[in-house]
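> Sequence:
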Amino acid sequence: MTTTSTPSTVTQAQERYAASLMNTFGPPKLQLVRGEGAHVWDADGNEYVDYLGGIAVNALGHAHPALVEAVATQLGTLGHVSNFFTTGPQLDLAEKLLELVGGGTRAEGRVFFTNSGTEANEAAFKLTRRTGRTHVVATEGGFHGRTMGALALTSKEAYRTPFEPLPGDVTFVPYGDADALAAAVTDETAAVLVEPIQGEAGVVVPPEGYLAAARAVADEHGALLWIDEVQTGMGRTGRWLASEGVRPDVVTLAKGLGGGFPIGACIGLGDAGALLQPGNHGTTFGGNPVACAAGLAVIATIESEGLLERATVLGRRLREGLGADARVTEVRGAGLMIGLDLGEDAAAEVVAAGLAHGFVLNNTTPRRIRLVPPLVLTEADADALLAAWPRILDDAFAALAAGKDS
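Positions 1 to 406 (this note's numbering) are the ones given, in order, by the sequence shown.
Worth flagging that the hints you see were computed from the coordinates, not collected in a lab.
27 Å max Cα-Cα, derived DSSO-like pairs, lysine-lysine: (1) K126 with K96; (2) K156 with K29; (3) K29 with K404; (4) K126 with K156.
Construct the complete structure from the given sequences, taking the supplied hints into account.
The following block contains the structure:
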């Protein structure tokens, strides 16, 4: 499909946006008005297949009946209570997450609910301080959020520099380098922080055995192993957790957990689950019954609709098909978390050409594209992108060449 947005429609939205919202994201590309499944429509009626999924958030796509019903029913029953009280959805979701982290058998641990991934990582960061140690080893290329604590654990200088000084005692090591990790961790290290696959860096997959090596070095020095599954968790890679098979002490979740409804979770396992005590941390909205009902609906639907298997099968098809073009130099990922490298710095042009052909794509670096579509993506949706892919690349590389010549 080819889209044709009216310039005045997009321009008017951008002008209103610039006049009323802080300029933290730049001008919006489109004004989206509705969605269904893995498809969205803009204000001009153009249809797009959404391969961004709210940045790995919309696990069930848009307007999924199970999620709509769960949120509407809970909101019509009990919308919010303070954390001086609990609710059925909060208890049910905490127990279910411990079961998922335990691989089907409830793990020994405790859950702290938040509103987002960065808040889940803030809670985890504070939890590590309760060990009596302050040193954290994190990785280059990692992304853990934009709040001050989470930002201190994120290595990208462009994000960090404007807000320094940040909370200190953080050492960054090359991602995937087990020897560098081992050299950085000491008996003063509170936690080792890793992502099973780096999302914002462009879907970077570590070598086989890297997470197990992180577990071993953490054990050697009495440190916590903290695994950030904010982007990789909740079925994104075809498994509930991308770190499946490695025992963490702390897991952080968000994004796909609520299917578009804001929720995150910091899960402390074993002794780590008791490190935060009354007065150590808090939240107003975290764990509210509507968000927890959304999380339960997402999990139940992933199970009932076989979306883990779908992510595995369609992800493989997409990786093979997209990588068949010679202008793509590498394809990485697992499930419906896909990254690819281009032979030239044409990623921005690919995203623009994708929109023109009716596909929402994402560029993470000048040469890298990230695809994190809804888990409800269909075979027809996958085939549509594969069919359009050569034309998208044709248009993108032509635009890149024209820009060089101008």
